[in-house]
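K.L.:
Listed below are the residues making up each chain.
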Amino acid sequence: MMETYVRSLGLYLLVTLSALVVLGANTTAMAAPQSQSEWVQQPHLEARLLSEFSTISRGHLYTLAVQLEPEAGWHTYWMNPGDSGLATQIQWQGPEGSYFDAIQWPIAEKFNIGPLSNYGFEGTTYLLTDFSIPQNYEGSEVTLTAQVDWLVCEEICIPGSAELSVTLAIGMPNPASENTAHFSTARAQLPELVAWPAQFDIQDRQVTIVVKSADAVAMASEAGFYGFVGATELVEHAETGQIDTADDMLVLRRTLNTYNSETPDSFALQLTHPNRSVELRVSSAQQPEAVDAAAPAAASTGDVSFGLVLIFAFLGGLILNLMPCVFPVLSLKAMAVANSHGNEKREALWYTAGVVVTFLVFAGLLLALRAAGQALGWGFQLQNPWLIAALVFLFVAIGLNLSGVFQMATRLMSVGQGIDTHTGAGAKKSFATGILAVIVASPCTAPFMGVALGYAITQPPAIALLVFAVLGLGLAAPFLLIGFIPAIARLLPKPGAWMDTFKQWMAFPMYLTTVWLLWVFGRQTGIDALTLLLIALVFLATALWWLGKLQLRSQPGLFSRILVWVFLLLTALTYYSALNMPSQPTASSNGTENGQVSGQNWQPWSADKLAELRANNETVFVNMTADWCITCLANERVALNVDATRTLFAENDIVYLKGDWTRQDPAITEYLAQYGRNGVPLYVLYVPGEAPKVLPQILTPAIVREQVLSQ
Amino acid sequence: MKILLRLLAPVLFVCASVLPFATQAAPEIGKPAPNFSVVDTQGTTHSLADFAGKAVVLEWTNHDCPFVIKHYGSGNMQSLQTEMTEQGVVWLSVISSAPGTQGHVSPAYADELTANRNAKPTAVLLDESGEMGRAYDARVTPHMYVISSDGILRYAGGIDSIPSANPADIPRAEPYFANAARAVLAGDNVERPITRPYGCTVKYAD
Chain A
1 MMETYVRSLG LYLLVTLSAL VVLGANTTAM AAPQSQSEWV QQPHLEARLL SEFSTISRGH
61 LYTLAVQLEP EAGWHTYWMN PGDSGLATQI QWQGPEGSYF DAIQWPIAEK FNIGPLSNYG
121 FEGTTYLLTD FSIPQNYEGS EVTLTAQVDW LVCEEICIPG SAELSVTLAI GMPNPASENT
181 AHFSTARAQL PELVAWPAQF DIQDRQVTIV VKSADAVAMA SEAGFYGFVG ATELVEHAET
241 GQIDTADDML VLRRTLNTYN SETPDSFALQ LTHPNRSVEL RVSSAQQPEA VDAAAPAAAS
301 TGDVSFGLVL IFAFLGGLIL NLMPCVFPVL SLKAMAVANS HGNEKREALW YTAGVVVTFL
361 VFAGLLLALR AAGQALGWGF QLQNPWLIAA LVFLFVAIGL NLSGVFQMAT RLMSVGQGID
421 THTGAGAKKS FATGILAVIV ASPCTAPFMG VALGYAITQP PAIALLVFAV LGLGLAAPFL
481 LIGFIPAIAR LLPKPGAWMD TFKQWMAFPM YLTTVWLLWV FGRQTGIDAL TLLLIALVFL
541 ATALWWLGKL QLRSQPGLFS RILVWVFLLL TALTYYSALN MPSQPTASSN GTENGQVSGQ
601 NWQPWSADKL AELRANNETV FVNMTADWCI TCLANERVAL NVDATRTLFA ENDIVYLKGD
661 WTRQDPAITE YLAQYGRNGV PLYVLYVPGE APKVLPQILT PAIVREQVLS Q
Chain B
712 MKILLRLLAP VLFVCASVLP FATQAAPEIG KPAPNFSVVD TQGTTHSLAD FAGKAVVLEW
772 TNHDCPFVIK HYGSGNMQSL QTEMTEQGVV WLSVISSAPG TQGHVSPAYA DELTANRNAK
832 PTAVLLDESG EMGRAYDARV TPHMYVISSD GILRYAGGID SIPSANPADI PRAEPYFANA
892 ARAVLAGDNV ERPITRPYGC TVKYAD
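Heads up: the protein sequence lines correspond to chains A and B, in order.
Just so you know, we're using my numbering here: the first sequence kicks off at 1 and counts up by one.
Just so you know, we're using my numbering here: the second sequence kicks off at 712 and counts up by one.
Treat the hints with care, since some could be wrong.
According to the in silico footprint, chain B covers these stretches of chain A (three or more CB under 8 Å from chain B) [stated by the list, open to error]:
hint: 1; region: 47–58
hint: 2; region: 107–116
hint: 3; region: 514–527
Label pairs and their computed distance ranges (CB to CB) [what the hints assert, rightly or not]:
hint: 4; chain 1: A; residue 1: Q147; chain 2: B; residue 2: S758; range: 24 to 34 Å
hint: 5; chain 1: B; residue 1: N829; chain 2: A; residue 2: P175; range: 33 to 43 Å
hint: 6; chain 1: B; residue 1: P878; chain 2: A; residue 2: T124; range: 53 to 63 Å
hint: 7; chain 1: B; residue 1: T756; chain 2: A; residue 2: E122; range: 39 to 49 Å
hint: 8; chain 1: B; residue 1: P878; chain 2: A; residue 2: D101; range: 29 to 39 Å
hint: 9; chain 1: B; residue 1: T755; chain 2: A; residue 2: K110; range: 45 to 55 Å
hint: 10; chain 1: A; residue 1: P197; chain 2: B; residue 2: T755; range: 53 to 63 Å
hint: 11; chain 1: B; residue 1: A897; chain 2: A; residue 2: G73; range: 41 to 51 Å
hint: 12; chain 1: B; residue 1: A846; chain 2: A; residue 2: P666; range: 53 to 63 Å
Source of the hints: derived by calculation from the structure; they are not laboratory data.
Because the structure is a prediction, the values reported are computed rather than measured.
Note that beta-carbon positions come from the ideal geometry of N, C-alpha and C, so glycine has one too.
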């Protein structure tokens, strides 16, 4: 009874409301659609609103324009008004759910007032805004209102505001022909939107903006070129700043604004000269926040996505199952599980736990070792040639092992055959079996563990642990699967000779990895050091081949055993001399003879190298840089990596060392601290017999020259 | 070649030093505030040293500027002046408008403005040359500075957080200047010592 009453009341209300809505629609319909508002007169400026279309459809984007007509000599302001003034603001009103985009600002002009500057617009100015009305809008017309607030200035300023409305019909879109000319003028006043990569950073109260585009470089060479920074109080507005170009890179250096208190993540930049204007976004090139000494280190080589690494770790774990000393065990266990009834799921889970825990313990051990190493000052990063070279040895050894040149710990392997005797029911036993599976399988799994190890040693602890856990999960996966779906056990291939062939196939990815590592090493050091490392590899291969031959004999002679060690020693010696090879000899050898310097003229920095050069009374220039440091990049392109400076260094026999702090190499952190710095760039000039000279953080060829020559 | 380069060095040095790295002398927070010596509407010359031991507020002003009108018309500026001067703060309103520009006033008219608006500055300084304004890098009216009793600059920037000429925004804005001045008087650190100054350009002589 009550319910019916409420329902009919609801129906009544609905009907009444609908009637009101229809009535409302009718009243607005009486005002004829108008795509131009009335002019609103205010002191020194009049304003109106225009619509590009007189009839619009729902859910699509159309454009409105606020037209400002200031008196001659008066101007309104851009998104960044400069040292004073206010950007024009528009607040939009339309039906609920309407969308209004940001103002599309026209090309700005610069107005100088005494020592100060403003950015804005004189003459007829259109502020375009895209909008849409919602799909569910029900009226046959729509009224859109702009509440516009501006500041109009000559020498003096007057604030003004206006409420401007247009009413548009809903239906088949139809342009407002009376406004067409206005909109084409308005669009001609807009800068061309471009997506040129651009970044900025702030060092030493200098804002450095780098735009990577040949077009930007071409624009900068034109008369009347200027860069309008669309952030308030970021740069000093009055100055033009310093403009440099290098190849396809435009470098704008501006003084940080005295009243800078907040730095935006990104801002709009208008580059303009009388014949072309573009607008682009410049984003902040901030130093990575987490300062982890062992952060991912694939800087010179391109980052592998972390998800991909986890997939590979899992696949790697799966492949472990196919290794000759794991697979027979797996198939036996699989049969046992498939035939047992009831507890197989629990057993499979405990087995998995055992495997994963063992892998984690192993990873933990590795990380502890690494931490100990770091405390001793070893940086486990791919910037270190010694680590790259060590990884090269590791991978070649793994490859040779997989190819069957030599075996790993054959005695352990025979123990492994007995694994099935340890199997049994019960959680503890399964867990123990998991642990045992890992240990016993280690002769076969070691090669793959080596890959994971090589990766993990360069990673932060959490990532390294995760990689190992996933590797373990991969190893346990078939078992887990069989535990839950016993029928799968029948699908497993039978153990056989194919396993060995498969293992040998796996050697080739290892060799490819070696090639990649050698390439990294070669780039870091040079062709001479690379050649020495290759020789060391030949010695290593010889040692391992001989070891393999010995493994086949029952009683190898003493001399034969010594021979293995001789070749290993030769490997170590060659490795050592490869690392101590003066890298990139190009700079020192051809510098003085002909004054022509080409190619890379710097060597990687290390504390030892610097100490050695200074002990030899060499003049040394040290540049500490990082990929994310835009100031550093700009300095290199503008002042260091230019012919004038190369020649200067060559003629004065200056050894140029460069340190890369992209991944916060602790050795460099320590070096920076010596000069009271905790960031890059840092430029230090060492002249024999003089105190080290720290150069400014903003360089030009002239500054470098002056510092070098005033020695 | 090396000798030639050495001979060239002084020339290059000069070239390098002309590079556009020099900026306007910017006032620095935490450093001694720039000194000044400017005559007020009574003909008395004031310098920063005269106020040693007292906190000093500098307010750049131009009575015809809409942003100044916003804060005087609403009584906001006067109430800040009263609050500060009652606590022994020296409040100096500074006019750096050059003769013939907006905001430039005779001493008598400046006093009349003070009386009419019921303003409570300690003194109104007439910086016609713009020397004091440039020393402080004052850019707009109103532009606010707080100097602690030890002569150190503690705040430079806007009066509040909403850049507009609309008095209705005053209660909604975060009062940057007032917060800074109150912190200095309480001996606390100023949370935001530099903020965006907004207003009309100071009408300096070119």
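K.L.:
Take the hints in turn and mark each one as holding or not.
P.N.:
Each hint tested on the structure:
no., hint, result
1, 47–58, "violated (count 0)"
2, 107–116, "holds (count 4)"
3, 514–527, "violated (count 0)"
4, A:Q147 to B:S758: 24 to 34 Å, "48 Å, violated"
5, B:N829 to A:P175: 33 to 43 Å, "57 Å, violated"
6, B:P878 to A:T124: 53 to 63 Å, "31 Å, violated"
7, B:T756 to A:E122: 39 to 49 Å, "42 Å, holds"
8, B:P878 to A:D101: 29 to 39 Å, "30 Å, holds"
9, B:T755 to A:K110: 45 to 55 Å, "40 Å, violated"
10, A:P197 to B:T755: 53 to 63 Å, "59 Å, holds"
11, B:A897 to A:G73: 41 to 51 Å, "48 Å, holds"
12, B:A846 to A:P666: 53 to 63 Å, "45 Å, violated"
Violated hints, listed in ascending order, are 1, 3, 4, 5, 6, 9, 12; each of the other numbered hints is respected by the structure.
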